[in-house]
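**Student:** Required output: the full structure, derived from the provided sequences and hints.
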Amino acid sequence: EPEVTQTPSHQVTQMGQEVILRCVPISNHLYFYWYRQILGQKVEFLVSFYNNEISEKSEIFDDQFSVERPDGSNFTLKIRSTKLEDSAMYFCASRFGRPSTDTQYFGPGTRLTVL
Amino acid sequence: KQEVTQIPAALSVPEGENLVLNCSFTDSAIYNLQWFRQDPGKGLTSLLLIQSSQREQTSGRLNASLDKSSGRSTLYIAASQPGDSATYLCAPLETSGSRLTFGEGTQLTVNP
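Chains as they are written, first to last, in the numbering used here: chain V, 1 to 115; chain Y, 1 to 112.
The hints are simulated quantities; they were obtained by calculation from the structure and are not laboratory data.
Treat the numbers as computed from the prediction; the structure is a model and nothing was measured.
Heads up, a few of these hints could be off.
[Claimed, not checked] As a list, the in silico DSS-like pairs of lysine-lysine whose alpha-carbon atoms are at most 25 Å apart:
no., chain 1, residue 1, chain 2, residue 2
1, Y, 42, V, 42
2, Y, 42, V, 78
3, V, 57, V, 78
4, V, 83, V, 42
5, V, 42, V, 57
6, V, 42, Y, 1
7, V, 57, Y, 1
8, V, 83, V, 57
9, Y, 42, V, 83
10, V, 42, Y, 68
11, Y, 1, Y, 68
[Unchecked claim] Per label pair, the in silico range of CB-to-CB distance:
no., chain 1, residue 1, chain 2, residue 2, range
12, V, 76, Y, 81, 32 to 40 Å
13, Y, 16, V, 16, 52 to 60 Å
14, Y, 20, V, 10, 31 to 39 Å
15, Y, 95, V, 51, 15 to 23 Å
Positions of the beta carbon are idealized from the N, C-alpha and C atoms, including for glycine.
**Tutor:** As structure tokens, then:
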């Protein structure tokens, strides 16, 4: 069964460094998302991406964050200058089409630790 | 802003029991609602999607209901098993079509 994959599974970085989290969505899906979950807290929406542009972003997704679909298969989240509070599990998700009927499928997550 | 509440926060039951997990949300303008399962330190596994026009959706031992006008959904698990132990999350999809808003979840433990 097709699935969303994410790499790396765990990333440790120093405060102020740039990180890129990578995702391979399900191959025929058209809509892509990033969410995050700080330890012990709710899963929070960051951004949605469709047709090579951001369709919606949350208040969390500030200028330090960016997303890109550099080729036909990868979807990346870049954090330009990491802060301690960016430490979280980051989930990528994808959806085939219609929002009313189609499921968002989530990847296994990347645990980001900022020291 | 959508707010999602799940009750109870935690539940411990003996194997074989039928159980009900509750979810309430404040904004009834939703496209659908998804129920997920999350195992410790793992990703989210989609269990059921119930469209805003539907009242119920079933998958195996799971049954989800939705009352959009009152902002409520329930997940019914029949004949619970130890393998059902996980955190269960509900997430309505806003009418922007993008944003799932998650509750804190119900942490379920099924004891053999």
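**Student:** Has the given pair, residue 57 of chain V with residue 78 of chain V, been kept, meaning a C-alpha gap of at most 25 Å?
**Tutor:** 14 Å, holds
**Student:** Below or equal to 25 Å on CA atoms is what counts here, so check residue 83 of chain V against residue 42 of chain V.
**Tutor:** Holds: residue 83 of chain V and residue 42 of chain V sit about 19 Å apart, inside 25 Å.
**Student:** How does the Cβ-Cβ distance of residue 16 of chain Y and residue 16 of chain V compare with 52 to 60 Å: does it lie in that range?
**Tutor:** 53 Å, holds
**Student:** Decide if the proposed pair is consistent with the structure: residue 57 of chain V and residue 1 of chain Y, CA atoms, cutoff 25 Å inclusive.
**Tutor:** Roughly 14 Å separates the two Cα atoms, so the pair holds.
**Student:** Could you say whether the range 31 to 39 Å given as a hint is met by the Cβ separation of residue 20 of chain Y and residue 10 of chain V?
**Tutor:** This hint holds: roughly 36 Å between Cβ atoms.
**Student:** CB of residue 76 of chain V to CB of residue 81 of chain Y, is that within 32 to 40 Å?
**Tutor:** Once the Cβ atoms are compared, 39 Å apart, the range 32 to 40 Å for residue 81 of chain Y and residue 76 of chain V holds.
**Student:** For a C-alpha distance cap of 25 Å, please report whether residue 1 of chain Y and residue 68 of chain Y respect it.
**Tutor:** Given pair residue 1 of chain Y, residue 68 of chain Y holds - Cα atoms ~16 Å apart, limit 25 Å.
**Student:** Quick one, are residue 42 of chain V and residue 57 of chain V close enough, alpha carbons at most 25 Å?
**Tutor:** 17 Å, holds
**Student:** Is the straight-line distance between the alpha-carbon of residue 42 of chain V and that of residue 1 of chain Y 25 Å or less?
**Tutor:** Status holds; Cα separation ~15 Å.
**Student:** Honestly, do residue 95 of chain Y and residue 51 of chain V meet the 15 to 23 Å range at C-beta?
**Tutor:** 19 Å, holds
**Student:** Verify the proposed pairing of residue 83 of chain V with residue 57 of chain V, using a straight-line Cα cut of 25 Å.
**Tutor:** 19 Å, holds
**Student:** Does the structure keep residue 42 of chain Y and residue 78 of chain V at a Cα separation of 25 Å or less?
**Tutor:** 22 Å, holds
Violated hints are absent here; each numbered hint is respected by the structure.
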